[in-house]
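Trainee: Spelled out, the chains give:
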Amino acid sequence: MANIWVHAETSGGVVSTITLELLAKARDLGEVTAFHAGADAEQVAAELGAHGATRILTTGDLDNGLPGPALASAVAAKASEESPDAILFGTTYGGRDVAGRLSVKMDAPVITNIVDLLDTDGLTGVEPVFGGTTNVKTRFTGEMPGIFLVRPKSFNAEAAGGDAATVEIMAVPDLGATGLAKVTNRFVEESDGPKLDEAGIVVSGGRGLGEADNFQMIEDLAGKLGGAAGASRAIVDAGWVPYSYQVGQTGKVVKPDVYIAAGISGATQHMVGMKGSKTIIAINKDPEAPIFSIADLGIVGDVHKVLPALLEAIGD
Amino acid sequence: MKVAVCVKQIPDPADPGAMNPETKTLKRDVKLILDESDSYGVEMALQLVGEDGEVVLISMVPNNERNGLNNALAMGADSAILVSDDALAGSDALSTAKVLAAAIQRTEPDLVLAATESSDGYTGTVPEQVAELLGLPSVTFAKEVTIDSGNVAVKRQTEDGYDEVDCPLPALVSVTAGVVEPRYPSFKGIMAAKSKPVEELTLADLGIETSTVGWAGGRQEIVSIEPAPEREAGEIIEDEGDGHERIVAFLQEMKVI
Ligand SMILES: Cc1cc2nc3c(=O)[nH]c(=O)nc-3n(C[C@H](O)[C@H](O)[C@H](O)COP(=O)(O)OP(=O)(O)OC[C@H]3O[C@@H](n4cnc5c(N)ncnc54)[C@H](O)[C@@H]3O)c2cc1C
Ligand SMILES: Nc1ncnc2c1ncn2[C@@H]1O[C@H](COP(=O)(O)O)[C@@H](O)[C@H]1O
Chain A
1 MANIWVHAET
11 SGGVVSTITL
21 ELLAKARDLG
31 EVTAFHAGAD
41 AEQVAAELGA
51 HGATRILTTG
61 DLDNGLPGPA
71 LASAVAAKAS
81 EESPDAILFG
91 TTYGGRDVAG
101 RLSVKMDAPV
111 ITNIVDLLDT
121 DGLTGVEPVF
131 GGTTNVKTRF
141 TGEMPGIFLV
151 RPKSFNAEAA
161 GGDAATVEIM
171 AVPDLGATGL
181 AKVTNRFVEE
191 SDGPKLDEAG
201 IVVSGGRGLG
211 EADNFQMIED
221 LAGKLGGAAG
231 ASRAIVDAGW
241 VPYSYQVGQT
251 GKVVKPDVYI
261 AAGISGATQH
271 MVGMKGSKTI
281 IAINKDPEAP
291 IFSIADLGIV
301 GDVHKVLPAL
311 LEAIGD
Chain B
317 MKVAVCVKQI
327 PDPADPGAMN
337 PETKTLKRDV
347 KLILDESDSY
357 GVEMALQLVG
367 EDGEVVLISM
377 VPNNERNGLN
387 NALAMGADSA
397 ILVSDDALAG
407 SDALSTAKVL
417 AAAIQRTEPD
427 LVLAATESSD
437 GYTGTVPEQV
447 AELLGLPSVT
457 FAKEVTIDSG
467 NVAVKRQTED
477 GYDEVDCPLP
487 ALVSVTAGVV
497 EPRYPSFKGI
507 MAAKSKPVEE
517 LTLADLGIET
527 STVGWAGGRQ
537 EIVSIEPAPE
547 REAGEIIEDE
557 GDGHERIVAF
567 LQEMKVI
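Chains A and B supply the protein sequences, listed in that same order.
Anchor point for the first sequence: position 240 equals 240 in the working numbering, and the numbering is continuous, going up by one each time.
Take any residue in the second sequence, note its place counting from 1, add 316, and you have its number in the working numbering.
Any given hint could be a false lead.
To give an idea of the chain B side of the interface with chain A (calculated C-beta under 10 Å), a few residues [as the list claims (entries may be wrong)]: (1) Ala334; (2) Ser353; (3) Ser435; (4) Glu444; (5) Gln473; (6) Glu480; (7) Ala487; (8) Pro545; (9) Arg547; (10) Ile552; (11) Gly559; (12) Phe566.
Rather than coming from a laboratory, the hints here were simulated on the basis of the structure.
Ideal Cβ placement from N, Cα and C applies to all residues, glycine included.
Same shape as in the complex, but just chain A (with noise of 0.2 Å):
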């Protein structure tokens, strides 16, 4: 049976999403490993576990050291002595910046990007191109375990039902230089209502809106809904809204039931994060505009009259 690995970030006791979309994928590949750097490894043995997780191999608290160094030179020394045969990541922050160090520790490269992962003769990763035009798959031809990079939403989180994982702490190495960052302050930034990658609806605006004070209704159409406000890279580099709202590439991926992009042209970094929702409804002033060449509904016009009548149609 294979053996696969998986980064667990956690803040708090708290597990991320992604990490449960990996565990979720993780468990119909193989035994499953987490790995884990911070101080509440013992608070999430139940959940990891009943996500399929049997152990959870953790650093262990890391005294505000970010955890890229290391969490890459502990896995790296536990994987050669056990080979793992596929070491998974989200692709997150702190997950980027673990595979990119662990690749370099191991000598062994990553494949980026994917959205999904077959167990056909070893496993081969589907990464999207071209804004999800195109599905490039990749395996690895080497001797060494495959680190793959996955995107939110690539895989359903859904507890299965084991036991609690055991905990067993890995040793660091010295880090020398390279463990030299250290985190001084941390800062969240509040928001009401679900979160953008977990609502059930999104509503997105675009440049179309014409200016700052606008995104006031994308706001209140969200607010009304029971959703999450999302936005384009244009508006955010505005710097009308923070980049916390941005969907695509570079920003979030989100699936809802629900994704009503106004004012925003469809370009292919955007469609990235916003293609796989269930229904998409477009409102753009432009026939032409790439977002009706996906959208479940569009309407051609104009949000400034479009918006405005929705929201009073919509009431309190």
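Use these hints to put chain B with the ligands onto chain A, whose structure you have.
Mentor: Using the frame of chain A, we list chain B with the ligands on its own:
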């Protein structure tokens, strides 16, 4: 203070080209430009070094192409190292990082800057691999960078806010898009760029074995390139004052309202 900036030269994303199904590589017969993602690193480097520092560009590219590099030199960078070698065809992120790290090592910078991800490859792993190869600490996803007495302080983007991170130099920092406003090259800058030193290197110059990079170094193979299942377009209607009603009906059908 000396800052090395990784700059990738890429085909214009507005005209992304296509995959060649026979060779399984990107068709690249257009003139390359400076990756917009890296224009932020160049701008940040110029701001950080001020008057008496030095900015060195590092780029790996086929055929000594330097159109994009010239743009970054015209913005104000002082010099560049350009690495080209036929054996680099098919290089993945790790191969690229090995080459960039070897080139950076020659310049002994205080700080290395890269973008969090390139526009055409977007693996987002090259910077961290470069840092590990050089034995440097790193802070990725920086949205604000300040240097003070041998330390770099970074506001680092996180899933739900940001962290403040402190790190002694030398270090590597990767910067997110949109954090500074890249300057347009002046006419003077464009003229000056022509005489700035650009060192052209091969793998042999860097002491890198050809078997460790390029297709051979990748140790992976593309099994297939296929069109993804298409998402069908649905109903497109012209708003004649009733567009919102159609949306309401759709939302009701979806049981959202
Ligand atoms: C490496 C890279 C990564 C990127 N990552 C992302 C990403 O993660 N997410 C992302 O979104 N983008 C990303 N982009 C940017 C992307 O290419 C587009 O530039 C961006 O998505 C465009 O945003 P937009 O649709 O709001 O603006 P535009 O493309 O300017 O479109 C505005 C639209 O509004 C319509 N409009 C104008 N006025 C009205 C009106 N009154 N009523 C109705 N419609 C109107 C116009 O017809 C137009 O279609 C990335 C680009 C690169 C190079
Ligand atoms: N060929 C290259 N030449 C110079 N810098 C590069 C090259 N490839 C990647 N980089 C740097 O690494 C960053 C991340 O690239 P990637 O990992 O491919 O997404 C880029 O934005 C550049 O700063």
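Trainee: For every hint, state whether the structure bears it out.
Mentor: Going through the hints against the structure:
{"no.": "1", "hint": "Ala334", "verdict": "8 Å, holds"}
{"no.": "2", "hint": "Ser353", "verdict": "9 Å, holds"}
{"no.": "3", "hint": "Ser435", "verdict": "8 Å, holds"}
{"no.": "4", "hint": "Glu444", "verdict": "3 Å, holds"}
{"no.": "5", "hint": "Gln473", "verdict": "7 Å, holds"}
{"no.": "6", "hint": "Glu480", "verdict": "4 Å, holds"}
{"no.": "7", "hint": "Ala487", "verdict": "7 Å, holds"}
{"no.": "8", "hint": "Pro545", "verdict": "9 Å, holds"}
{"no.": "9", "hint": "Arg547", "verdict": "5 Å, holds"}
{"no.": "10", "hint": "Ile552", "verdict": "4 Å, holds"}
{"no.": "11", "hint": "Gly559", "verdict": "4 Å, holds"}
{"no.": "12", "hint": "Phe566", "verdict": "5 Å, holds"}
Of the numbered hints stated above, none is contradicted by the structure.
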